[in-house]
Every structure is written in C-alpha cells, then in structure tokens.
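Quick note: the sequence shown uses my numbering, first residue 1, plus one each step.
Hints were generated in silico from the structure; no laboratory data involved. Only a predicted model underlies this, so the values are computations on that prediction, with no experimental measurement involved. Even for Gly, the Cβ is constructed at its ideal location relative to N, Cα and C. A few of these clues could be false.
[Stated by the list, open to error] With a cut-off of at most 16 Å between alpha-carbon atoms, the simulated EDC-like pairs for lysine to aspartate or glutamate come out as follows:
hint: 1; residue 1: Lys-61; residue 2: Glu-27
hint: 2; residue 1: Lys-146; residue 2: Glu-188
hint: 3; residue 1: Lys-57; residue 2: Glu-27
hint: 4; residue 1: Lys-61; residue 2: Asp-101
hint: 5; residue 1: Lys-73; residue 2: Glu-167
hint: 6; residue 1: Lys-123; residue 2: Asp-77
hint: 7; residue 1: Lys-57; residue 2: Asp-24
[Unchecked claim] Computed spacing ranges between beta-carbons, pair by pair:
hint: 8; residue 1: Tyr-121; residue 2: Gly-233; range: 30 to 38 Å
hint: 9; residue 1: Glu-174; residue 2: Arg-78; range: 19 to 27 Å
hint: 10; residue 1: Gly-59; residue 2: Val-191; range: 36 to 44 Å
hint: 11; residue 1: Arg-78; residue 2: Glu-27; range: 17 to 25 Å
hint: 12; residue 1: Gly-204; residue 2: Ser-160; range: 14 to 22 Å
hint: 13; residue 1: Pro-35; residue 2: Gln-157; range: 33 to 41 Å
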Amino acid sequence: MPPFVHLHVHTQYSLLDGAIRLTDLLETARSHQMPAVAITDHGNMFGALEFYEKCTKAGIKPIVGCEVYLAPKSRFDRQAESGGGNGELDRNYHLLLLARDHEGYKNLMKLVSRAYLEGFYYKPRLDKQLLREFCGGLIGLSACLKGEIASYLLRRQEESARKAALEYAEILGEGNFYLELQANGIPEQAVVNDGLIRLARETGLPLVATNDCHYLRRSDARAHEILLCIQTGKTVLD
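Build out the structure end to end from the sequences listed, making use of the hints.
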C-alpha cells in the first residue's frame, strides 16, 4: 500500500487556528515515513518559504498550497450571500489549491496577493474569474464543510453542487480537481461525503481523502481549542 500523504494541513501560519509548528510537522512526517506533506494555511502563504527549506533539509517533498477564500460572486462585492434559509451568511467559500509545479506556485502567490489587495471583505477573497486567469499549474480540492460544493450538499441542492463541481473541473483542467472526503466524526461531514461519492460516480471526477489537520496529537486538542477561543472571543466554558 502506498504511504498516506497529508494534503490538507494548517500550521501556525493559519493564524489563531492552526496549532502545528513546521519543525514538529516535519519530524512527525519523517517518523511516519511520509515521503511528502502539504501545507494549506488559511488565505496566506506566510510559511511557504520556511516550509520549503525545512522540507528540503529533512528529505521530504514539499507540497505548497493554500486554503483560499472564494467570494460567492465577485471579489469586489462587499456584502454576504444568504446561506439558504438557516440565518447564516456566506461571505466566502473555502477552496484548497495545491501548486503542482513552479508555474502553480507563482500563480498561487498571485491569487493570494490579489485576494488581499482586491477582494478583502472579512477575509482575503478571490473569485472564479481570478482563478480562471491564474489557474495554470494548480490542483484544486473541494475543501471542508465550508466549501461551495459541501455547502450545496448540506442544503440538499444536489444540482447546484454538481454544476459547481463541473465548473471547478473546467476551470482547473482535466484531472486537476478532486472531491475531498474527510473522516472527522462530524455528522454533517457524513452527509457531505455521501453526496461527494454520488457526484464522483455521476461526473467521473476523482476523489481524494484528507484529514484537515489543525494539530498533530490528541494531546494538542486543548491548545487548539484555546486558540479558537482567542479567535472568536469566547472561553472554553462557553
């Protein structure tokens, strides 16, 4: 069986969300004999250079990526979309992008920079028009429960989910977009996983398994919870 490679990882550079230090990440990857590992921090590439250098020294293949924020329509819009009758607002969707080669790395830097300069609304957001412009060398994954496709599946909007999946596949090119399955014990994730498997059968789009890592060990869960409390202004007792 080929070794498992983590493709969805949030480090200390996913500010107030990731609790993984790069040195610890690579030590753990090496101890598990993983040939490669990715970093996909939220909306930024602050750790990309340090990650690349540490991977090179450790003999591990670096996969540089980013979990970007995608505006529901235009990145220039400064209002949220209705979340489908549940009282929530969608200011952005999540999308995982991985650099396949040097062109992809350069395009990922351009996308993230433009998201800050042109699309910032609560988060640095890009849009599909910008993704079309700088899609070369990139591989896309449908991301977590906050991804566009997952959001549609949770609302039982299967046709919208199918159209979104095919649009991402068309933008990124054949073989460059994957439907992302996660086994995290969240009830909503099971609903999304079932929908993604159906979509894969209907569309022929490939599936990929990830783990959306925010910390390395079970014992780190408390520290991660405290980070989230700082981010949201809550306490662990709330």
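Structure versus earlier hints, numbers of those that do not hold, lowest first: 8, 9 and 11
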